[in-house]
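Protein sequences appear in the order of chains A and U. Mapped onto numbering that gives the first Met the number 0, the consecutive letters of the first sequence carry residue numbers 0 to 468. Mapped onto numbering that gives the first Met the number 0, the consecutive letters of the second sequence carry residue numbers 0 to 468.
Hints listed in this document are in silico derivations from the structure and should not be mistaken for laboratory results. Quick caveat, the model's predicted, so the values are computed rather than measured. Treat the hints loosely; a few may be bogus.
Coverage of chain U stretches by chain A, computed from C-beta distances (three or more under 8 Å per stretch; other residues unrestricted) [to be verified]:
{"id": "1", "segment": "8-14"}
{"id": "2", "segment": "47-54"}
{"id": "3", "segment": "248-256"}
{"id": "4", "segment": "261-275"}
{"id": "5", "segment": "321-328"}
{"id": "6", "segment": "441-453"}
With a Cα cut of at most 27 Å, we get these calculated DSSO-like pairs of lysine-lysine [stated by the list, open to error]:
{"id": "7", "chain 1": "U", "residue 1": "K52", "chain 2": "U", "residue 2": "K37"}
{"id": "8", "chain 1": "U", "residue 1": "K20", "chain 2": "A", "residue 2": "K289"}
{"id": "9", "chain 1": "U", "residue 1": "K20", "chain 2": "A", "residue 2": "K429"}
{"id": "10", "chain 1": "A", "residue 1": "K9", "chain 2": "A", "residue 2": "K429"}
{"id": "11", "chain 1": "U", "residue 1": "K9", "chain 2": "U", "residue 2": "K37"}
{"id": "12", "chain 1": "A", "residue 1": "K20", "chain 2": "A", "residue 2": "K9"}
Some but not every residue of chain A turned toward chain U, in silico, with C-beta under 7 Å [what the hints assert, rightly or not]:
{"id": "13", "residue": "T17"}
{"id": "14", "residue": "A21"}
{"id": "15", "residue": "A106"}
{"id": "16", "residue": "W160"}
{"id": "17", "residue": "N168"}
{"id": "18", "residue": "G242"}
{"id": "19", "residue": "P280"}
Quick reminder that beta carbons are idealized off the backbone N, C-alpha and C, glycines included.
Number of protein chains: 2
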Amino acid sequence: MTRIAELARKIPDIAINTAEKAVRTKSRDYFFWSPILKAQLDHVMADAVVSPKNESEVMRTLAACWELDIPVTPRGGGTGNYGQAMPLAGGGVLDMMSLDHVRSIDAGTVVVEPGARLSAIEDLTRPSQGLELRMYPSTVETASVGGFIAGGSGGVGSIRWGMLREPGNILNLRVVTMEETPRCVDLTGDAIDAAAHAFGANGVITEVTLPLAPSYDWVEMLVSYPTWSQALEAGWTVTHHEGLWLKELAAVEAPAPYQYFARYRKFLESGDNVLCILAAPNAVAPLSDKLKRQGGRIAYQSDQLSDTDRKGLTRLHHLTWNHTTLQARRVDPEITYLQVGIPVDRPLETLDAISRQFPGELIGHVEFVRASGRVYASSLPLLHYQNAERLLEISLWLEAAGCTCYNPHSYRLEEGMHSDVDPVQLQMKKDHDPKGLLNPGKMIAWENAEYRFDPAVHRPFPGLQKAKS
Amino acid sequence: MTRIAELARKIPDIAINTAEKAVRTKSRDYFFWSPILKAQLDHVMADAVVSPKNESEVMRTLAACWELDIPVTPRGGGTGNYGQAMPLAGGGVLDMMSLDHVRSIDAGTVVVEPGARLSAIEDLTRPSQGLELRMYPSTVETASVGGFIAGGSGGVGSIRWGMLREPGNILNLRVVTMEETPRCVDLTGDAIDAAAHAFGANGVITEVTLPLAPSYDWVEMLVSYPTWSQALEAGWTVTHHEGLWLKELAAVEAPAPYQYFARYRKFLESGDNVLCILAAPNAVAPLSDKLKRQGGRIAYQSDQLSDTDRKGLTRLHHLTWNHTTLQARRVDPEITYLQVGIPVDRPLETLDAISRQFPGELIGHVEFVRASGRVYASSLPLLHYQNAERLLEISLWLEAAGCTCYNPHSYRLEEGMHSDVDPVQLQMKKDHDPKGLLNPGKMIAWENAEYRFDPAVHRPFPGLQKAKS
Chain A
0 MTRIAELARK IPDIAINTAE KAVRTKSRDY FFWSPILKAQ LDHVMADAVV
50 SPKNESEVMR TLAACWELDI PVTPRGGGTG NYGQAMPLAG GGVLDMMSLD
100 HVRSIDAGTV VVEPGARLSA IEDLTRPSQG LELRMYPSTV ETASVGGFIA
150 GGSGGVGSIR WGMLREPGNI LNLRVVTMEE TPRCVDLTGD AIDAAAHAFG
200 ANGVITEVTL PLAPSYDWVE MLVSYPTWSQ ALEAGWTVTH HEGLWLKELA
250 AVEAPAPYQY FARYRKFLES GDNVLCILAA PNAVAPLSDK LKRQGGRIAY
300 QSDQLSDTDR KGLTRLHHLT WNHTTLQARR VDPEITYLQV GIPVDRPLET
350 LDAISRQFPG ELIGHVEFVR ASGRVYASSL PLLHYQNAER LLEISLWLEA
400 AGCTCYNPHS YRLEEGMHSD VDPVQLQMKK DHDPKGLLNP GKMIAWENAE
450 YRFDPAVHRP FPGLQKAKS
Chain U
0 MTRIAELARK IPDIAINTAE KAVRTKSRDY FFWSPILKAQ LDHVMADAVV
50 SPKNESEVMR TLAACWELDI PVTPRGGGTG NYGQAMPLAG GGVLDMMSLD
100 HVRSIDAGTV VVEPGARLSA IEDLTRPSQG LELRMYPSTV ETASVGGFIA
150 GGSGGVGSIR WGMLREPGNI LNLRVVTMEE TPRCVDLTGD AIDAAAHAFG
200 ANGVITEVTL PLAPSYDWVE MLVSYPTWSQ ALEAGWTVTH HEGLWLKELA
250 AVEAPAPYQY FARYRKFLES GDNVLCILAA PNAVAPLSDK LKRQGGRIAY
300 QSDQLSDTDR KGLTRLHHLT WNHTTLQARR VDPEITYLQV GIPVDRPLET
350 LDAISRQFPG ELIGHVEFVR ASGRVYASSL PLLHYQNAER LLEISLWLEA
400 AGCTCYNPHS YRLEEGMHSD VDPVQLQMKK DHDPKGLLNP GKMIAWENAE
450 YRFDPAVHRP FPGLQKAKS
């Protein structure tokens with residue numbers, strides 16, 4: 000009897016699917032955006048998909064897998080693109096999407112199960128309370144809240160509320176441990192940091208408490224500039240004005256907007272460098288005033304449209320964050336991207352230098368965000384990929400220029416986070432997953448507690464070798 | 000016939016009061032907080048108080064005064080404390096408090112007449128729309144919105160929304176000019192800057208459009224620390240977290256909280272250095288967690304009170320901004336204060352140095368605010384005043400330490416703003432008030448367009464000499 004058959008015998012009332020097509024689908028995310036990850040992970044496949052309906056079923060599943068030494072990789076909406084939810088060592092994918100209840104909405108907070116889709120949460124909070132999520136990824140319609148917390152870092156809304164893991168943006172996380180007798184552990188305050196953005200490798204999230212934000216009828220704007228420098232300068236400037244209430248401000252370099260934003264092409268010209276903006280209605284007038292003074296042309300404004308113009312449009316967040324890359328890949332499937340932190344004290348000079356250094360190879364895409372009390376230019380440039388050596392060369396040039404490359408071409412936590420071992424995250428894995436069965440192969444620290452990040456080194460990694468063997 | 004009698008004949012249907020007591024009352028503000036201003040301005044008195052009921056009456060009043068060369072000093076709630084609304088050259092005080100209508104509340108904005116008291120505006124916006132003012136001075140119950148804009152710079156709420164004159168925080172100002180035929184001029188965008196904080200010297204504000212903020216049931220907290228450095232460090236740290244939604248965070252050094260916050264003394268100990276906080280309900284838990292980790296004791300929290308404890312309390316904003324000074328003066332009427340901008344890159348070191356340099360003479364009071372995308376420590380230290388020479392000595396020491404002293408012991412715009420001539424503000428005065436009749440004596444530029452600010456020089460000033468003669 001296979002281990003999966005034994006598992007099914009132990010938890011007969013919990014849905015287990017071993018049909019190859021279903022398992023393959025649930026074993027994958029958008030890893031294939033990265034040619035490197037595509038080569039590394041294309042074969043990765045679980046043995047089964049287990050779909051618990053509630054926390055109790057999660058606990059029983061983990062207990063059974065613990066006993067049978069079956070690796071378990073939790074999965075939400077599957078919209079990640081680093082292989083976060085891919086089961087490197089096979090075993091079970093723990094499909095969390097049936098735990099999708101919104102438990103309560105009260106006093107500006109929402110308590111939800113991890114499988115709730117982000118937009119489904121807002122569908123409840125908006126009409127009943129005039130509240131919305133503080134931030135969401137551009138995949139808000141398909142991503143789950145648990146997946147966002149386990150694998151995301153910020154998004155639409157971070158320009159105002161900071162990054163997802165800043166204090167106050169997650170109020171409570173409940174995780175279930177992977178032990179003989181799984182426990183529910185409620186995390187608050189700083190303890191949340193260790194479990195958020197851990198890819199579910201140190202506990203399975205079963206409940207999330209998030210603070211909400213006042214909802215607005217956000218006005219969408221595309222503002223075009225003749226040069227990339229002007230667009231960046233304008234975006235950087237207006238982001239600093241606390242009085243202009245924005246939900247999103249991204250800058251995208253020519254020729255990407257005209258080439259890739261197909262539904263919005265009718266508003267654009269081929270040389271347009273574009274700011275993509277979501278603004279509160281009471282910010283639109285002073286914002287427009289500022290942007291026009293800096294040479295901008297209001298190419299599109301959602302509250303000023305004719306019905307004809309409105310036809311065929313999507314929503315503006317579908318041009319931002321990872322959807323910028325998605326739109327580009329729809330036109331040119333070879334395009335991939337980078338994630339580059341730009342030095343806070345010389346952002347425009349650095350972005351200019353990048354633009355000059357890699358013309359045609361990198362196309363600028365900057366998300367303006369707040370973090371820890373400062374405004375940052377977070378760069379997600381589109382990349383016309385050549386090969387792994389060239390990618391490393393570009394990354395090292397960027398690092399030498401003072402940038403921080405959060406590598407989206409690695410499925411390993413530390414490489415994506417540009418960080419050494421996180422001892423607190425590691426300790427939580429030791430405490431919650433002593434056998435190392437949760438999402439194996441993602442946390443370098445588990446294999447090497449002395450690991451120190453070096454952007455020049457892409458290390459072979461035991462977790463993956465095991466998966467291949 | 001006196002000029003005032005002629006004025007009354009020209010505008011017989013507009014209320015004019017020449018009764019000495021009424022005129023004296025309306026000729027004064029809280030200038031007497033400053034021993035320097037008290038000596039300079041105590042004699043200042045208008046000849047009459049004119050109280051128009053609407054914009055049309057304002058225009059007719061100004062036309063008549065223009066013809067008769069009568070100086071006009073607009074006045075709101077009279078809660079300023081630099082003599083902003085004091086009629087240095089006599090003439091008429093233009094009492095704007097009868098123009099107090101809230102014209103509309105819509106799409107997150109409010110359109111009001113200048114004489115509306117700030118809390119009266121919120122009394123309308125809160126229940127009907129769940130909205131409140133973005134910021135207000137600690138005198139919110141008595142100050143007028145026009146006076147706040149003409150003479151204030153920020154307040155409770157600036158920790159989130161920045162300072163009052165940052166783009167987007169005032170959407171529209173309508174001013175009436177002082178000419179033969181007064182005009183109504185609508186100011187938007189950057190043009191607002193010239194008329195805001197001009198003490199009404201370049202136009203009489205008759206309508207204000209402000210953006211509103213979502214209202215919360217703010218939780219009041221007093222958090223005490225054994226040392227001033229700890230309180231500052233904690234306040235500085237948590238202010239940087241965008242995810243903690245605060246309306247106010249002030250730090251007050253021992254022994255001021257215990258000595259001066261009489262109604263809250265029951266929660267305090269004599270050595271307490273205190274953070275005064277207004278926090279959104281969904282920020283309280285993570286905020287408390289952070290503050291306690293930094294050595295704080297939650298001395299008072301408004302949502303955790305017994306009815307007994309609640310008795311006799313006021314509202315927490317009455318401990319902050321200029322009310323900190325007010326509370327101190329209730330116990331020790333000799334106390335005055337300074338307004339000190341602290342270098343953004345070394346705030347805690349600088350505040351420590353000030354504390355060490357002037358023990359017992361300056362008592363620390365810091366308001367944490369956002370401005371232009373950064374967090375600032377804005378210092379309003381209490382001062383045990385000795386004499387004008389010592390005040391200058393302290394100011395020059397602070398300037399040498401990299402601070403900016405916004406002198407609250409001067410009634411002149413430029414000295415209070417620590418600025419040279421503002422050419423745009425001056426040009427607007429030339430355009431709107433060619434005879435120089437509006438609030439004369441406040442804008443140095445009007446008398447000397449070459450003026451350059453020097454903190455070491457307190458200049459004798461023609462405007463005041465004229466008033467004395």
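Hint check results:
1. For the segment 8-14 of chain U, the stated coverage by chain A is violated: 0 residues have a C-beta nearer than 8 Å to a C-beta of that chain, whereas at least 3 were required.
2. Requiring three or more residues with a Cβ within less than 8 Å of a Cβ of chain A, the coverage given for the segment 47-54 of chain U is violated, as only 0 such residues are present.
3. Counting residues of the segment 248-256 of chain U whose beta-carbon sits less than 8 Å from any beta-carbon of chain A gives 0, not enough to reach three: the coverage restraint is violated.
4. With a threshold of 8 Å between beta carbons, the proposed coverage of the segment 261-275 of chain U by chain A is violated, since 0 of its residues qualify and at least three are required.
5. With a cut-off of 8 Å between beta carbons, the segment 321-328 of chain U has 0 residues touching chain A; three or more are needed, and the interface restraint is violated.
6. Coverage of the segment 441-453 of chain U by chain A is violated. Counting CB-CB distances below 8 Å, 0 residues qualify, and the rule asks for three or more.
7. Distance restraint check for U:K52 and U:K37: the Cα-Cα separation of roughly 31 Å exceeds the 27 Å cut-off, and the hinted pair is therefore not satisfied.
8. As the CA atoms of U:K20 and A:K289 are separated by approximately 48 Å, the hinted pair breaks the 27 Å bound.
9. At roughly 78 Å between alpha-carbon atoms, U:K20 and A:K429 are farther apart than 27 Å, so this suggested pair is violated.
10. Proximity of A:K9 to A:K429 is assessed by CA-CA distance (about 25 Å); at most 27 Å being required, the pair is judged to hold.
11. Restraint check: the Cα-Cα separation between U:K9 and U:K37 comes to about 35 Å, which exceeds 27 Å; the hinted pair is violated.
12. Between A:K20 and A:K9 the alpha-carbon distance is near 24 Å, which keeps this suggested pair within the 27 Å criterion.
13. For A:T17, the interface hint is violated, since its Cβ never comes within 7 Å of a Cβ in chain U; the closest pair sits about 42 Å apart.
14. The criterion of a C-beta within 7 Å of any C-beta in chain U is not met by A:A21, whose closest approach is roughly 38 Å, and the hint is violated.
15. At its closest, the beta carbon of A:A106 sits 5 Å from a beta carbon of chain U; the interface hint therefore holds under the 7 Å criterion.
16. A least Cβ separation of about 5 Å between A:W160 and chain U falls short of the 7 Å threshold, and the interface hint therefore holds.
17. Hint status for A:N168 relative to chain U: holds, with the closest Cβ pair at about 4 Å, below 7 Å.
18. With its C-beta approaching chain U no nearer than about 3 Å, A:G242 sits inside the 7 Å limit, and its interface hint holds.
19. The restraint placing A:P280 at the interface with chain U holds, with a minimum CB-CB distance near 5 Å, inside the 7 Å limit.
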